[in-house]
Amino acid sequence: MKADFPNDDDLREAGLDENDPVWRLLAESPRPEPDAWFAVRTLARCRYAMAGAESHGISFGRIWRWTLGGGLGLCLAVLLVTQQIPATSPTDLKQQKVQAAFEVMANLDSPETDSTSSSTSTWQDSSD
Numbered sequence: 474m475k476a477d478f479p480n481d482d483d484l485r486e487a488g489l490d491e492n493d494p495v496w497r498l499l500a501e502s503p504r505p506e507p508d509a510w511f512a513v514r515t516l517a518r519c520r521y522a523m524a525g526a527e528s529h530g531i532s533f534g535r536i537w538r539w540t541l542g543g544g545l546g547l548c549l550a551v552l553l554v555t556q557q558i559p560a561t562s563p564t565d566l567k568q569q570k571v572q573a574a575f576e577v578m579a580n581l582d583s584p585e586t587d588s589t590s591s592s593t594s595t596w597q598d599s600s601d
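So the sequence shown is numbered by the numbering used here: it starts at 474 and just counts up by one.
The reader is advised that the hints may include incorrect statements.
To be verified - Cβ-Cβ distance ranges computed for the label pairs, FRET-style: (1) Pro507 x Arg535: 33 to 41 Å; (2) Leu549 x Ala517: 37 to 45 Å; (3) Leu549 x Val513: 45 to 53 Å; (4) Trp537 x Leu516: 23 to 31 Å; (5) Val495 x Cys519: 32 to 40 Å; (6) Trp537 x Pro503: 49 to 57 Å; (7) Leu549 x Trp510: 47 to 55 Å.
No lab work stands behind these hints, which were simulated from the structure alone. All C-beta atoms, glycine included, are put in the ideal place defined by N, C-alpha and C.
Using the sequences and the hints, build the whole thing.
Structure, rendered in structure tokens:
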């Protein structure tokens, strides 16, 4: 007799007919047991499912890479745009001031047609 075979007391407690051939046949059949590789396959499936879930979800590393890449790209774009815009240097401003001063001096020396101005300019005033 097998060790898995229930005795008559177990069948009576379960309320089963001890002479029923189906129940006897089921009692004699081997119990289903997982094979030796069951745990290995189950853990591999769990790891694969977790790896797939992480790849579809948002992770800190992915956000950090996109932020860093976007920031560097933006800085590069700003740098290139600022290089294209001509900036006025201090020497250009001095040159413009000198040109304006020459224009003022040229206008002072030219004879004015205004009737209110005297023929002598304030530079040539000899009344002192």
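Now for the hints, and whether the structure bears them out:
1. Pro507 x Arg535: 33 to 41 Å: At 37 Å between Cβs, range holds.
2. Leu549 x Ala517: 37 to 45 Å: This hint holds: roughly 44 Å between Cβ atoms.
3. Leu549 x Val513: 45 to 53 Å: 49 Å, holds
4. Trp537 x Leu516: 23 to 31 Å: Cβ of tryptophan 537 to Cβ of leucine 516: about 30 Å, so the range 23 to 31 Å holds.
5. Val495 x Cys519: 32 to 40 Å: For cysteine 519 against valine 495, whose Cβ atoms are near 38 Å apart, the range 32 to 40 Å holds.
6. Trp537 x Pro503: 49 to 57 Å: 55 Å, holds
7. Leu549 x Trp510: 47 to 55 Å: The hinted range 47 to 55 Å holds for leucine 549 and tryptophan 510, with Cβ atoms some 53 Å apart.
The earlier numbered hints are all upheld by this structure, with none contradicted.
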